[in-house]
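Chains as they are written, first to last, in this note's numbering: chain A, 1 to 456; chain B, 1 to 347; chain C, 1 to 325.
Take the hints with a grain of salt, since some may be wrong.
[Stated by the list, open to error] Derived pair list, reagent style DSBU-like, types lysine-lysine, alpha-carbon separation capped at 30 Å: (1) A:K238 with C:K212; (2) B:K70 with B:K88; (3) B:K103 with B:K235; (4) B:K210 with C:K2; (5) C:K318 with A:K238; (6) A:K238 with C:K271; (7) B:K212 with A:K77; (8) B:K184 with B:K66; (9) A:K238 with A:K301; (10) A:K446 with B:K66; (11) A:K2 with C:K212.
[Said to hold, decoys possible] From chain B, some residues computed to sit far from chain A (all C-beta separations above 12 Å): (12) V31; (13) P45; (14) G53; (15) A58; (16) S72; (17) G94; (18) G149; (19) L168; (20) G180; (21) S221; (22) K235; (23) A242.
FYI, nobody ran anything at the bench for these hints, they're computed from the structure.
Keep in mind it's a predicted model, so treat the numbers as computed, not measured.
The C-beta atom is built at its ideal place from N, Cα and C for all residues, glycine as well.
Here is how the chains run, residue by residue.
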Amino acid sequence: MKTFHIGGVHPAENKLSAASPIRIAAIPKQAVFSMFQHIGAPAVPVVKKGDEVKVGTLLGEAGKGLSVPVFSSVSGKVSKVDAVLDSSGTRRMAVVVDVEGDEWEETIDRSDKLVTFKDLGGITSAEVVNRIKAAGIVGMGGATFPTGVKLMPPPGTKAEAIIVNAVECEPYLTADHRLMLEKPEQILVGIQLIKHAVNCPKAYIGIEMNKPDAIQLLQNLLKEKAAQYPGIEVVPLKVKYPQGGEKQLIDAVIGRQVPAPPALPINVGAIVQNVGTVYAIYEAVTKNKPLIERIITVTGKSVAQPSNFLARIGTPMQQLIDEAGGLPEDTGKIIGGGPMMGRALMSLEVPVTKGSSGLLLMTAKESRRGEVSPCIRCAKCVSACPMGLEPYLLASYTRLKDWDGCEKNDVTSCIECGSCAFTCPSNRPLLDNIRVAKQTVMGIIKARHMESISKK
Amino acid sequence: MNVILIAVIVLGAIGLVAALILFLAAKKFAVHEDERIALVQEQLPGANCGGCGFPGCAGFAGACVKAADKGSLEGLLCPVGGQPVMEKVAGILGMQAEASAPKVAVVRCNGTCESRPRIAEFDGARSCRVQQMLGSGETACAYGCLGCGDCVAACQFDAIHMNPETGLPEVDEEKCTACGACSKACPRGIIEIRLKGLKNRRVVVLCNNKDKGAQTRKACSVGCIACQKCVKVCKFEAITVANNLAYIDAEKCKLCRKCEDECPQNAILSFNFPPRKPKAEGTPAASTSTTAAKTASAGIKPVAVEAKPVAVEAKPVVAKPAASEATAPAGATTDNPKVEPAKEQEA
Amino acid sequence: MKPILSLSPHVHGGDSVQRNMYGVCIALVPALLASLYFFGVGSAIVLLTSVAACVFFEWAITRFILGRERLTICDGSAVLTGLLLGFNLPSNLPIWIIIIGALVAIGIGKLTFGGLGTNPFNPALVGRVFLLISFPVQMTTWPVSGQMGYVDVETAATPLALMKTAIKTGDASLLSELPSSLDMLVGQTGGSLGEVSALCLLLGCCYMLWKKIITWHIPVSILGTVFVLAGLFHLIDPSYANPVQVILSGGMMLGACFMATDYVTSPMTAKGQLIYGVAIGVLTVLIRDFGSYPEGMSFAILIMNGFTPLINTYVKPKRFGEVKK
Chain A
1 MKTFHIGGVH PAENKLSAAS PIRIAAIPKQ AVFSMFQHIG APAVPVVKKG
51 DEVKVGTLLG EAGKGLSVPV FSSVSGKVSK VDAVLDSSGT RRMAVVVDVE
101 GDEWEETIDR SDKLVTFKDL GGITSAEVVN RIKAAGIVGM GGATFPTGVK
151 LMPPPGTKAE AIIVNAVECE PYLTADHRLM LEKPEQILVG IQLIKHAVNC
201 PKAYIGIEMN KPDAIQLLQN LLKEKAAQYP GIEVVPLKVK YPQGGEKQLI
251 DAVIGRQVPA PPALPINVGA IVQNVGTVYA IYEAVTKNKP LIERIITVTG
301 KSVAQPSNFL ARIGTPMQQL IDEAGGLPED TGKIIGGGPM MGRALMSLEV
351 PVTKGSSGLL LMTAKESRRG EVSPCIRCAK CVSACPMGLE PYLLASYTRL
401 KDWDGCEKND VTSCIECGSC AFTCPSNRPL LDNIRVAKQT VMGIIKARHM
451 ESISKK
Chain B
1 MNVILIAVIV LGAIGLVAAL ILFLAAKKFA VHEDERIALV QEQLPGANCG
51 GCGFPGCAGF AGACVKAADK GSLEGLLCPV GGQPVMEKVA GILGMQAEAS
101 APKVAVVRCN GTCESRPRIA EFDGARSCRV QQMLGSGETA CAYGCLGCGD
151 CVAACQFDAI HMNPETGLPE VDEEKCTACG ACSKACPRGI IEIRLKGLKN
201 RRVVVLCNNK DKGAQTRKAC SVGCIACQKC VKVCKFEAIT VANNLAYIDA
251 EKCKLCRKCE DECPQNAILS FNFPPRKPKA EGTPAASTST TAAKTASAGI
301 KPVAVEAKPV AVEAKPVVAK PAASEATAPA GATTDNPKVE PAKEQEA
Chain C
1 MKPILSLSPH VHGGDSVQRN MYGVCIALVP ALLASLYFFG VGSAIVLLTS
51 VAACVFFEWA ITRFILGRER LTICDGSAVL TGLLLGFNLP SNLPIWIIII
101 GALVAIGIGK LTFGGLGTNP FNPALVGRVF LLISFPVQMT TWPVSGQMGY
151 VDVETAATPL ALMKTAIKTG DASLLSELPS SLDMLVGQTG GSLGEVSALC
201 LLLGCCYMLW KKIITWHIPV SILGTVFVLA GLFHLIDPSY ANPVQVILSG
251 GMMLGACFMA TDYVTSPMTA KGQLIYGVAI GVLTVLIRDF GSYPEGMSFA
301 ILIMNGFTPL INTYVKPKRF GEVKK
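For reference, chain A alone in the conformation it holds in the complex (with noise of 0.2 Å):
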């Protein structure tokens, strides 16, 4: 059986909702747009204070460098353009929507017939790529990168694998094993399209074994209709945290591993791309369908029905919750994502965006860390890095306030997975620190960039 190569974890599963197939939540009274719902330049608003607009009309376009256009998600009409707090707890630039009706675009095709890769008759590529972009497709797995750039690989490289990311390795979360059980077909159909994006004749899609009826039934339907969907192929993978890491999964699946930044997964002729980012393609480029809904699950011990519900981009978090049962009475923290990489939200009151791939409650009692204890130098942390790092030593350099010993120990790498804080046996804050350094760190390379820069 597959997996990576260096460190991981085995945090308890979870997948509480695993059970239960989507639910379309309810259209909400209101819906708030940020226009950061992505990583790089915000999308600037295009409407002001009392336009009207329908579901899929643009609010933002694209900003400068990296950015997505942002769309609307319902139909009504805008209440106000303004800062208002999003899920990182700061006020950011969003257009807020007062609902009225559902009225849609024409433009978009609302049936649910599939339409095959052969019923586009030869689309090219370029075109595919066009509409990838213009529909504000981001990486749906939480980290959303825009999906437009991701495919097209920079000059002198090649994409030689597609990786489609079905791992899911965070516990609880069961938003993208769902959405492999209900919609199979569509999700080959955007591999496909993917494929020919960026002209690579293999696909694999890297599911772990903690979800066997998708692996099974993925691989029937390549099976049956191998003539229709070539050179793709299921890769089950042995259940380990974080296989869902990018470079993890690289390695997992062709065994390569991508060196330190700046390095991208492309130089090794790789692209990786969340299951839920390639139905988004799928829905984008067939249906002309821009990214206005997401799955989220919406999870927690004390939740009394853990749902995946198919809701619009905006809706409150509140508004699920109180569709899956209402806010339990002991909850103690509320994650936006899963409860290794996902992050406590302040309020009920963020929307949902494009890179919210759940909402988990956790009780009063499991949200408090332990007591921290001294370091005893158990090496647990060393041995459960997956980027081979020593989180103890960069940590205490951090204490230390010794940047360049953190920056010789690649903390730069860290991609903030979280293992060592999970695995240390002292509950140290091994996370927070290595989150500082890595902070710092950047900081001082960047002005020492600007430098070499400035003297040229």
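Mind docking chains B and C on chain A? Use the hints.
Frame of chain A; chains B and C shown alone:
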């Protein structure tokens, strides 16, 4: 005989070889030191207090020479020797001494536990920088003090401490050398290295919140809401409002304290002023505080206006006590100015 | 509700210092039972004194000398140090010597450096070596196993002493007096408490490996190195004991499985641990065969403890995507 001779020869030879090695090593690894460093060091007090932010006087001397080679002595100050010593140092290095007024660290946040309700609870490494990564932190204010004491840890002079009651750091002005370490350590840039001001008196906007007024008010009861009232009341154009936040330029401020009275949020506070006239004496009717305060500041105003253009230290020292005596009859106030001039002379 | 804010990860694996420390204690239970079986009351007295003294000194020193509010006696490290120290002593050692050993182990070996996690040398070994050098007679008169008393027990030379004599005199026939390998494995030999039954120690070691308290690197590299090196000597000159007996005798098992694997004083990376293990193996064989003491394990481990920071500095784990230069 032979034995003694051999011993002498052997030991002598070893000595010679060792001496040769030492000689070569001394030549090879000689550290060339700029002579100016020694000259500068002679001028320094030699207390090795570290008040300048460098390890001892030698370290400071080295830093001065280095800075002089770069063309400016800016930011370098021996807090013990003060201006006279810096002038001598500048003379040695062929530079002009910066007219450096003494500065002090000022924490520009007054969001105490009472005025700024905690809406969340932070659990993690006790570090402001870690908390900063979580958005606005424990309170709804994304600009205010996080209270984990990164500044306290950064201070080498034991000059800044957390007040457990308010949850805010407090600067010990006596110990503060204005080295700026706390300011750099603060991830929200709350701590400003500010002019100490005449007789250590300062009027400061104790807020750093750049949100709009309504949002600020929700997060904190003493936050600046950018209402512009202070700007209007200031006769010296010392106050500017940018990004929804008022700022008092310490160089232009004439310490009239009008803005302090005007601020509806009590976000502007003054430091080291003698206590004001008790307001009981004023009108007993509604809005007593503002009227009483206004009369008080009106009493001070002419003195301040008169004193400033002269810009000599001696004059206000004499003039101010007169004003404060007139306004406040309490004995404590007259004590204050007497102590302070002495301090200024020392510095 | 005030939500709790913290950075990810929001879940923890549930491992704790206590779990690891008491896990090692549990792994020592078979050896403990064996020592009770072979040495009776003496073993119980020595172990109880050692553990009680270690816990007492840990408590007293942190509380009254260091003035710490937070007490660390519950984390299990002092109990473990006490157990390991006890296992390194003969069963007829006077109580006052044990107490001195515990004081040195906890006071000098551990708390002088700041307590758990910061000590450069294995505290139990510091205690043992201190006693070995200070009280050589008491520390090297080993009661013959199978006696249940504490005082007035019959003592005899241990297999290690026999091996040493054989090497010194070059008389290989002496080695025939050694107990059989099977006896050494099960525990029919003299020696300190933890040395008698290699089998029980191996059982404990397997338990720790199963519970993932330790990794295989250190024990395997030590035992492997000793086996190969001792085998080489044995081939060249039969007056050196055969490698199986070398591995089963003395503190080899206790050292390789429990002392050298101490978290705090062993290297952090797998590669480093292998280097450390091999070096301990080589040093042990050299001290046993050419040094003046019959047992070299504790010295070898202490010497390599001293090198651990150096190993940590220069031996780095393989970084992800690292290209070999």
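Please verify that the nearest CB of chain A lies beyond 12 Å from S72 of chain B's CB.
holds (18 Å)
If I take the minimum Cβ distance from L168 of chain B to any residue of chain A, is it greater than 12 Å?
L168 of chain B is indeed farther than 12 Å from all Cβ atoms of chain A, at 21 Å.
Need the status of pair K70 of chain B, K88 of chain B: alpha-carbon distance at most 30 Å?
holds (18 Å)
Interface exclusion of A58 of chain B relative to chain A, criterion Cβ beyond 12 Å:
It holds; A58 of chain B is separated from chain A by about 23 Å at its closest Cβ, greater than 12 Å.
If you draw a straight line from the CA of K446 of chain A to the CA of K66 of chain B, is it 30 Å or shorter?
holds (25 Å)
Quick one: work out the minimum CB distance from A242 of chain B to chain A and report holds if it exceeds 12 Å, violated otherwise.
Holds, since 16 Å exceeds 12 Å.
Just want to verify: G53 of chain B was marked as not at the interface with chain A; is every Cβ pair farther apart than 12 Å?
holds (15 Å)
Verify the proposed pairing of K212 of chain B with K77 of chain A, using a straight-line Cα cut of 30 Å.
Status holds; Cα separation ~24 Å.
Checking the smallest CB distance to chain A, is S221 of chain B really beyond 12 Å?
holds (19 Å)
30 Å Cα cutoff - pair K238 of chain A, K301 of chain A
Given that 30 Å is the threshold and the Cα spacing comes to 25 Å, the pair holds.
Restraint check for K184 of chain B with K66 of chain B, where alpha carbons must lie at most 30 Å apart
holds (22 Å)
What's the verdict on K318 of chain C and K238 of chain A, does the C-alpha distance respect the 30 Å limit or exceed it?
holds (22 Å)
Violated hints are absent here; each numbered hint is respected by the structure.
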